[in-house]
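Heads up: the protein sequence lines correspond to chains A and B, in order.
Our numbering numbers the first residue of the first sequence as 1 and each following residue consecutively.
Our numbering numbers the first residue of the second sequence as 1001 and each following residue consecutively.
Some hints could be false.
What the hints assert, rightly or not - Sample of chain B residues facing chain A (criterion: CB under 10 Å; computed from the structure):
| hint | residue |
| --- | --- |
| 1 | V1044 |
| 2 | Q1045 |
| 3 | H1316 |
| 4 | I1319 |
| 5 | G1320 |
Unchecked claim - Under the rule of at most 20 Å between Cα atoms (straight-line distance), these lysine-lysine pairs were calculated in the PhoX-like manner:
| hint | chain 1 | residue 1 | chain 2 | residue 2 |
| --- | --- | --- | --- | --- |
| 6 | B | K1114 | B | K1037 |
| 7 | A | K14 | B | K1206 |
| 8 | B | K1246 | B | K1153 |
| 9 | B | K1136 | A | K105 |
| 10 | A | K305 | A | K22 |
| 11 | B | K1246 | A | K14 |
| 12 | B | K1206 | B | K1153 |
| 13 | A | K53 | B | K1322 |
| 14 | A | K53 | A | K14 |
| 15 | A | K99 | A | K239 |
| 16 | A | K99 | A | K125 |
| 17 | B | K1089 | B | K1153 |
No lab work stands behind these hints, which were simulated from the structure alone.
Beta carbons: idealized from backbone N, C-alpha and C, even for Gly.
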Amino acid sequence: MKHLSEYRNLEATKHYLNLISKKATQTWNIMEICGGQTHSLVRNGIIDLLPEKVRMIHGPGCPVCVTPLSLIDKAIRLMEQGVIVCSFGDMIRVPGSKKSLLQAKADGGDLRILYSPLQAVKIAKENPNKEVVFFAVGFETTAPANALSVLHAEKEGVTNYSILVSHVLVPPAMEAILDDEFCNIDAFLGAGHVCAIMGYEEYMPLSEKYRIPIVITGFEPLDLVQGIYMAVCQLEEGKREVKNQYSRVVKQEGNIAAKEVIQKVFKVGDREWRGIGEIPNSGYQITEAYKHYDAEHKFGVDNIKVPESSVCIAGEILKGIKKPNQCPAFGKECIPANPLGAPMVSSEGACAAYYHFSNTELV
Amino acid sequence: MKEHTTISLGHGSGGLMTRELLDDIIFKAFSNPYLDKKHDGSVVQFDGPIAISTDSFVISPIFFKGGNIGELAIHGTVNDVAMCGAMPKYLSLAFVVEEGLDIQEFKTIINSIKTTAEVCGVQIITGDTKVVERGKGDKIFINTTGFGAVHPKAKISADRIMTGDKIIVNGNIAQHGMAIMSQREGLEFESTIESDSTNLNFITQKLLDQFGDQIHLYRDATRGGIASVLTEIALDINKGVAIHEKHLPLDRQVAAACEILGLDPLYVANEGVFVAIVDEPIADDVLEMLRNDEKGTNACCIGEFTEEYPTKVVMHSGIGGKRIVSPLIGEQLPRIC
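Could you build the full structure based on these sequences and the hints that come with them?
Structure (structure tokens):
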């Protein structure tokens, strides 16, 4: 675990922070797409160390935050029908329209917290008389494992397993943000782990079309300050390209084997994003060949629709157009224990960060 | 008794089976003049102020690397009494056992309690055993209440904390929580991480002998970890807390496991870690005394109380940044992103 020391080195980080300060001659708004990057920026206090001219805008890259209310309600409906629902940990406290998965468990539902969907297939094998559903949320990063669980179940002849899919894709979300007439983003830090799977070829036309630098970036403090520096350099020098800071992990073509697994089980389709709404071709759906592993189809819950809060301005916050304290519901009916929208859900969402830190300068 | 291999409802009936269970296992293990009277309760004598603390222990799995629920039930309450600046002397011990628990497992837990109590220098002077139907408990729940005489020099109270007071922890954090996580169903991973479950009564008394009222507060950093202890105190006394990431004592393997599972070690449970908040001038001497004791070899001064950021805990990161350590809302959940 050398990464825990080498990429958290004080002197090296300071070096890049100095370079950023020297390079930036005007205000630049840089959006980090991925929730993991936001977490690292907050956890290591990097936002505070950046020069005032460089503003980080937290993007919509937390899969838990952007999972729509209706999907959570569907998972809860399945639990109420006696299905064993398996989920990643941070999904379980996010409220649906009436309650969270955790509350549904307290009401008698069977909920299991797992780190891998393959464990859910094992649970299905151990409980042949029960239906087992894995709540497959995430970006492209978790898609190969979720797809693999379906292939694994098929190979093992496990028929009581299916997945509730809420997979979203990064490039369409970036395009939706850039298409907004109020968008003021000057550069993106691309999501390192997503690109480890997908590569970064699909970002090249995006960078060209919108004339915007995209730097594929890792998650350690040194990765982030170096990625930010690479973005500032391009902006200051008038360049608009895709660059790869995270080359120790990301290859241009991505992980070909993982992409093949995704393509077998998933196809690109429209997806609803909490706080943003429906974005065309922005997510994965299960292909016809594997339809019988689609929990929505299997249990007939595909018709559950829930409207998002009408006062919440999450969309504008996720796009970096407004600040959380410009929302009428902020800190009143919308608080971390009772979030109305995506950015208040996760602790590093922009609204939750403002809520926790608003009486200090550490915003 | 010999024919039973598991605990059954009859063992909690109050009848002959209960008597057998008590005589053959419990009284035999914990025999002392108070318990031997087999009365409804015990009468004890204390001179001066006494500290009392109670705790219930529910944990899955009940046997884990570095300990079991019995040992935990003694350490937990002994340490809570010790945090009041008192030397624990007597304990009550109550079980709620789920029907079907293996008698051998029960005996192992009892033996563990016996050994641990002896090491801690406490006597079990009263107790209770109930059995609930299968499915109505999680193998075994234990409640202990501890009684101890307060150290004559102790003046332990959060309102005595002053700006500039140093925050000292006696050893590596997050060991217990990660040991349990590594063995929890569905999350098993290979590690040699062991629970840090241990008694802190002798070391806390030793510090009081030497430093008396210059020790302002002791807190046991169990559930919710170091972060919960410090955020609670900051809020209660309206002062700020500054802690330094590079001074946090953390085993490499535990740090790696936290990283992989997406958990923050600051919030992970400990069972042998306490926080001492002391007068700034004695901090180095306290550290030296701790480091010369087996319960404090990895002791570190992790931060101090400040006038800045009242009610907040501010972590100074390894790369020179700052962040707020917020109170935990519920249980810490592993992150996927």
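For each hint, the structure was consulted:
no. : hint              : result
1   : V1044             : violated (41 Å)
2   : Q1045             : violated (46 Å)
3   : H1316             : holds (8 Å)
4   : I1319             : holds (4 Å)
5   : G1320             : holds (6 Å)
6   : B/K1114 / B/K1037 : holds (18 Å)
7   : A/K14 / B/K1206   : violated (43 Å)
8   : B/K1246 / B/K1153 : violated (33 Å)
9   : B/K1136 / A/K105  : holds (16 Å)
10  : A/K305 / A/K22    : violated (51 Å)
11  : B/K1246 / A/K14   : holds (16 Å)
12  : B/K1206 / B/K1153 : holds (11 Å)
13  : A/K53 / B/K1322   : holds (19 Å)
14  : A/K53 / A/K14     : holds (17 Å)
15  : A/K99 / A/K239    : violated (48 Å)
16  : A/K99 / A/K125    : violated (29 Å)
17  : B/K1089 / B/K1153 : holds (18 Å)
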